[in-house]
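Since each chain sits alone in its own frame, please combine them into the complex, following the hints.
The residues making up each chain are set out below.
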Amino acid sequence: MIKKSILLPAVSALVLITASCASTGNNNPHEDNDTLESYNRAVFKFNYQVDKYVLKPIAEGYRDITSESVRERVNSVLLNTKEPLFAINNILQGNFKASGISVGRFIINTTLGLGGAFDVAKGWGFPRETQTFDDTLAQWNVPDGPFVVLPFIGPSTPRAATSLVLAMATDPVYWATRNDANVRDKINYTYTAVEAIALRERTLDLLNELERGSVDYYSTMRSAYLQNRKNKGGGNAENDAQSYDFDFGVEDEDEAFNDMEDE
Amino acid sequence: MKKNIFAAVFAAILLMTGNVRANVDAAGAEAFVKNVTNDGIENIINANISQKEKDTRFEKLFNNALDLDFIGKFVLGRAWRTATPQQRKDFIATYRELNIKTWSKRFDEFKGKNFIFKGTTPSNSPNQIFVNTTVPMDQGEPAKVVWRVKQNGSQFKVVDIIIENVSLAITARNEYAGFIKNNAGGVDALIKDLQAKVKAM
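Line by line, the protein sequences are chains A and B.
For the first sequence, our numbering begins at 1 and goes up steadily by one.
For the second sequence, our numbering begins at 1 and goes up steadily by one.
Hints should not be assumed to be uniformly reliable.
[To be verified] Computed cross-link-like contacts, BS3-like style, restricted to lysine-lysine with a CA-CA straight-line distance of at most 25 angstroms: (1) B:Lys105 - A:Lys56; (2) A:Lys45 - B:Lys192; (3) B:Lys192 - A:Lys122.
Source of the hints: derived by calculation from the structure; they are not laboratory data.
Computed from a prediction, not measured in an experiment: that's the story for all the values here.
Chain B with its partners taken away, still in its complex shape (with noise of 0.2 angstroms):
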């Protein structure tokens, strides 16, 4: 009975949304995707240049796949609320460059691998969808990658990496909460430990 109701509140929801949810170009979406990996597999992993190089060409590669402004904000959740203007603009740098140094550096365990595209699947969020994919491993079963990628115009942006089922969103606005739930420093003292994580590294 309570299913029931559930679906046919769900499927309303469905149909009153359902306009705002069409304008996803799922080939546009998985073609951006497919796009970004070969960019970093290409040009910077497999490329025959210096480790600085390859670094300033992920910096860029980053800023251009993902919408780390969007990003930023979800992964303050509440905090973000009631932070000022200037700690808003310092999470959101910190959390830039911790996220390009933590992944520049992950980078290179790609080497030799390839993204495999599996369709894509709908997403509860609008002008969002998710991009599946599965990377092959040197043992066991291909890890899973869905991309959660959002449409602007037509313009894509990836706003969440999902690693075998483990949103790196999510994580992360849980650590953040957390933090801030035990620390009285609130979210200056988030950013402190960030950047000291970041010069750590």
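This is chain A alone, in the form it adopts within the complex (with noise of 0.2 angstroms):
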């Protein structure tokens, strides 16, 4: 585990240069709260590049070269190795009967499921309960901290870039191959590989699309990717796009301008 073992102090750097930041954050709700603007350009172009001649061109061969119902088995693989992480933190908020779902669904679908290709608890009646690290400290009401772009991960938050940190702990895969030094590394690369190339196919269409229309990709994305967080709570329960005043009361758009330019 090189990489995980290096990501880990990497993450919980950023996450305590970022996190202190986080007071200086503006809190207008007109603009989005980017202190680390001219970082996250600078990380975002990279990783566009990474994207454009790595990442983007093996998911569209991927997409060429299976059928969908064969992804849809993959995805739901992958989403399987999730269920312990879903287990513990329904555990986390309280929800011993979700946790007992996510475990149950877990034992069920790898073995019947075929490796969790197949969906059979879902059948039976047990929904997934999906709920991440991220869910958890939101309902514990830990805040966001400004929004960080992180080299090859993407679009991220102190917050979401902590979850990402404590999900490793939780990954079934490194626990199932990690006494073994000689496939471990392997498998795990494997496994990070064929995460990120299914996830890149899942999202080819939605960005393609967005980048399409977009004068200032970074800002687009920024700004979906917040409005979507704060949906997740973290004092700030109530969906921004909903709570959002769509008033044009010029004296409130004055206002809320100078303050802006006062900061």
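This is the structure in structure tokens:
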């Protein structure tokens, strides 16, 4: 697990750096909180190149050579490895019944569902109870912090990055292979790569569409990402897009803009 | 303590502006969105007509259903106030064209799908209301689509569409603010870039 052991301190350091800026973020609802914009834009540019020349072509190739039903099975297997993560977070949120369902789903789908390729448990009346560390931290009212673009990983926030690090500890692929040094790295690299490719394939159409109509792709991505996160809560339980005041009282606007200029 | 004060202030504001908000006809707003989506699905997506006729019909539906002058003004944000009348006019026209082109292309994605109406939610803004819908997907959870509707007399207009928590108007507003901030050319450069996008479509 070379990659994970490097990633862990790197992400932790970033979280510390960015968390310290959290309090200086502007609270103006009219503009995104982006205290790290120049750094973010540089990393975004780097990620964009990596995506353009490596990840996106591979994801497109993957789409070309597989049928939709095959990709569905792959996505299902990947999602099944998240059940332990959902189980732990359901407990942390006090949903013991949901946690039991996650454990049951993992056992049933890993065995009868052929490694998670088929969602047998759902047919038995046990739907997926998706809860990540991010949801747990949001429920505990941990603030999200400023927007940060992580190298290779993409749009994130200190809370989202923290959740990512915590999630590694619940990864069954890591635990299943950790005793055998020979296969451990190979399997984990492959698993990470497959996960990245499958995720990119799922977002191909959406991101193409977003980029095509955008004059500032970075701002578009940031806005969409942050709106989605604000809906997760953490002192921000209300849906931002809906609590947003769509009134054109010019005086309100003036006030908001003046506040911004003062900062 | 802080929350209590906030709640009291909020309640006071609510009382003062309550009469403004009460004007929105929730059933009317929902019926309006139903009409728009039905018209789009039956008379455009599922209709047996040429692509050219489809585009014409879509443009008409789009212009009737959405208040692009209102949306454009919101989307340009702070730059709207300093823009010249000509810039405002050009921006709205280009923004309208960009949206028509973008959505007439994406519209076919709704083929074979239908909107399920889930009632309305009140809005903080006067004369506005949210109409909640979901669209069943081939895979996974249904997509959540919320329509922000503004009432003007007996007339309704869509002023924003919120897909899976992401507002199209807020996203565009942030995008254009980001562009203007990083471009010396300001609003003129934005209009020029948007026109180039429209042409490339």
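Of all the hints numbered above, which does this structure not satisfy? Sort the numbers upward.
3
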